[in-house]
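Starting from the given sequences, assemble the full structure and let the hints guide the process.
Chain order of the listed sequences is A and B. Read in the numbering used here, the first sequence has 120 at position 107, and its numbers run on one by one without any break. Read in the numbering used here, the second sequence has 99 at position 98, and its numbers run on one by one without any break.
None of these hints come from the bench; they were simulated from the model. No incorrect hints appear here.
Here are the simulated PhoX-like pairs of lysine-lysine, each with C-alpha atoms no more than 20 Å apart in a straight line: (1) A:346 x A:365; (2) B:72 x B:24; (3) A:207 x A:189; (4) B:127 x B:236; (5) B:286 x A:238; (6) A:207 x A:160; (7) B:286 x A:243; (8) B:105 x B:139; (9) B:161 x B:81; (10) A:118 x B:236; (11) A:331 x A:313; (12) A:238 x B:299; (13) B:24 x B:161; (14) B:236 x A:74; (15) B:3 x B:164; (16) B:258 x A:76; (17) B:299 x A:236; (18) B:211 x B:223; (19) A:160 x A:468; (20) B:258 x A:118; (21) A:468 x A:189; (22) B:236 x A:76; (23) A:94 x B:299; (24) A:173 x A:238; (25) A:94 x B:236; (26) B:293 x A:238; (27) A:76 x A:118; (28) A:74 x B:258; (29) B:81 x B:24.
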Amino acid sequence: MPCTRNLLSDRRIWSHPILTFKRGRKVKFFFEGREVEAYEGESIAAALYAIGVDIFSYSIKLKRPRGAFCMIGKCSSCFMKVDGIPNTRTCIEPVREGVKVERQKGLAEIPTNGGESDVEDEEVLETDVLVIGGGPAGLSAALATAKYGLKTVIVNEHFKLGGQLLKQTHKFFGSKDLFGGLRGFQIGEELSRKVMGNPNIKVLLQTVAYGIFRGGWVGLAGKNKLYRVKPKAVIVASGASENFLTFPGNDLPGVMGAGGAQTLMNEYGILPGDEVLTVGSGNVGLIVSYQLLQAGAKVKAIVEILPEIGGWFVHAAKVRRYGIPILTRHTLKAVWGRERVEGATIVQVDEKFRPIPGTEKDIECDLVLIAVGLTPDTRLFAQAGAVMRWVPEAGGPVPLRTRYLEVSIPGMYIAGDASGIEEATTAMLEGEIAGLSVVTKLAGPKAEVIERREKLLKFLWDEYRASPLMARAKAGKESVTVSEEEMEEIRKWNPPFVSFGVR
Amino acid sequence: MKVNILIVGGGISGLSIAYTLAKRGIKDILVVDANYIGSGSTGRCATGIRASFTSEEHVVLMKNSIELWKKLSQPEELGKYGLQFDQGGYVWIASKEESVELFKKLVNLHNSLGVPTRVVSPEELKELVPPIRADEAKAALHDPTAGKSYVFDTLHAYIKACKELGVRIMTFTPVRKLVAGGGKVKAAVTDKGSIEADTFIVAAGSGSKKLMESIGVDIPLKNLPRHIMITEAFKPAFKPLVIDWDAGGAPYIVQTKEGNFIIAREIEEEPEQPLGSVRIDFLPKVVSAMAKWFPWIKRIRVLRYWIGYYVTSPDHHPIYGPVDEYENIYLACGYSGHGYMLAPVTGKIITEWLLDGRPSIPQAERLTLRRFKEGRLIEEFAIVG
Ligand SMILES: Cc1cc2nc3c(=O)[nH]c(=O)nc-3n(C[C@H](O)[C@H](O)[C@H](O)COP(=O)(O)OP(=O)(O)OC[C@H]3O[C@@H](n4cnc5c(N)ncnc54)[C@H](O)[C@@H]3O)c2cc1C
Ligand SMILES: Cc1cc2nc3c(=O)[nH]c(=O)nc-3n(C[C@H](O)[C@H](O)[C@H](O)COP(=O)(O)OP(=O)(O)OC[C@H]3O[C@@H](n4cnc5c(N)ncnc54)[C@H](O)[C@@H]3O)c2cc1C
Ligand code: FES
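Shown next, in the form of structure tokens:
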């Protein structure tokens, strides 16, 4: 049965086999003039989804209903007017008492009414190190630089630290050093606590690093305030965004990124849908399907265009055990529904990935999960003029870097998903390595630091990535890792317009 | 390879010349560009179009160009491929008494050359630009014939029409140098081989000077970096391009048909700075300048900020037409920030030079390279978008 819902229904999950959701105090806010309830700590988008809002905006030209897709600030389908400010990404805007939220029908009017007076003057921040991104990579990097006395500023676009760890409910493998035995979100909380408590680290939440400028300046934009920073080194750990697919109906509310669904379900305890079709059988597609099952949804099928399943055997076996069919050589043809997904048509493909007419099958569902991979967020590197290369195994265009994670812009470092898609453990390892490289550069080579860095590098390359399961990611990263000498040569041919620190 | 006419530069100038020549039945035209079409100044410009200049040459050329923009935007010409000319006007705001006096003089000049500008009151300014805070304005100069067009639509339309008329376009093919002998240019050397041609046209924007140096012709051009940004989109708020005449750097703002605001101003710069070398002080400078008139601007987000070159000649007028040293090469460059609006008339002028021996607009003949040797520079002091 297609699922229709009334506003003010409750999609929050109140009982779950393995998770309990800590919810903040109740707050009241206004959605299109109506008073509604939420829990502190939720994003506006999550709070609205929880009470049955599917449509977050209407498209600019054709006024088509649009739902939220990524839930982490990367896709702009959740733009709403918040306290008079149009085009606010409600998925990374915290809900708060009395906030007024309205949907936009097409383009918004210019915000002529008030508000301008509370924009503060630009402030110059003094710091040794700037870390961009507060996910596992950025947090680990900041802890490493701060440990050796470097003044560190960490900026995060989201209102919470932790990045994608916050949606990861599985227990991590490995030693205690690598947080083995803890669940992802617990690791995120632990790292955040350490960072918040470190006197050498200044944390700026809801602040985006918007550009790298002549003279080594970095621009930061907070809610009502601009900063400019001239750090001696900058570490960019900006993560990744989810890929999208083109098919009729792909903008219908209910077509959601698998990561977006994870955010709702695992971070906020909100059920993203009742009847689900998952597109893509990589690890993310498999894991999220399983998690949806745990949370009480019915997963109707997982479709995969390739002849074989993309993800690891363990994960595939688990969803199969629960009777979810994984249909290889199948793709999504279209999604239908009026104001929300009511069903999807899937179709078999031939060896050249062309749909085979006559093999279409309709599946009724209210959620279509798109789990077709991630693309590294390397925009700051591209803008700064770093030399990049398109690497399919890394998920897209990524900068060349040394083993110590410095890119062709001197003093600019990379870590985590931005450097090529992997997962949280490698993000933490890369973050610390980048941090220690900055320490070595700014505070001089210390035996202890070099030793620790070598140990991490050895573990990362020779043990962790040696697993056959990591072969593809490893090949990707290898292809963009160059020696120090090669990097000097690259810089000669591509003279950077900007650099950080003394050289 | 050998062609009839080789045009170096696939910006709006090169395309307009190719289109106009082809429309007059000329065959075997090749346009080469070092990069992609529009990758030079064209794709980076603010798309303002106006005739309210302060030299006779500019006013007359621009008036002609505006007539051509109107014609081009008709469905039977390039309108069918999406080219638009949106005659929303220009307003120049004066906040000083002496500027109002200057405006009055300019209006007399414009009117005498047939451009119907006039000085308007702050109240009229507010009517033309409703979301403005006009209290500090003393008066404004309104040019109702001015307007804007949309660069990507324009380029797309030119490309389609050119191809339809048989013009060939080669991208990602830098011309490394020209080769000449016996008073004639022989060939353009590229990585894909030499291209011979009967006639060469240099419409290579910021690359023109270097190209001409390769055959020993010095053209006095400087590439001045100009900074510009675009904001997120909103419902149409006002039509004219608005310039603050009395603020440093003459900041201006214009809303595109998609609803985004393009905002720019001049900041002090050294020539030839690399195009990627963006400056953090530009954004607050341009925003605070505009916030004086549009306080809400502080509340909207910047989407992109970039640099483009104003390819500038000593008298801020274009360099058109033949050179003394060689009989088969023509220049179309050095627009000093106004080459987008000029493009249709540029096409007409160069085409006439080639096919009729001289342009039908006499003022164009004063704009050859020779003027610098002979010291006949032209004066212009309203150099903004
Ligand atoms: C949607 C999604 C789901 C995932 N799910 C899993 C999973 O279930 N299991 C798994 O093992 N791995 C998963 N991953 C893979 C991922 O490799 C890691 O989990 C890890 O979170 C990556 O860490 P990171 O620090 O590089 O990036 P992130 O954790 O993404 O953190 C980046 C942070 O930087 C901020 N940011 C970005 N740009 C800027 C800027 N310009 N200014 C300020 N802040 C900025 C972002 O808001 C974000 O908070 C997922 C990745 C994504 C994108
Ligand atoms: C910020 C800014 C705002 C502006 N605003 C306006 C405005 O509002 N109104 C207006 O009229 N004008 C404006 N201009 C000016 C306008 O952009 C230019 O005058 C116009 O685009 C020039 O067009 P063009 O075709 O001559 O040059 P370009 O667009 O620069 O094209 C030249 C082409 O030649 C190619 N080239 C160069 N060297 C070689 C070579 N050796 N071999 C092969 N190809 C080569 C380049 O790749 C380039 O594509 C503005 C400019 C800037 C930077
Ligand atoms: S930006 Fe909010 S859902 Fe993607």
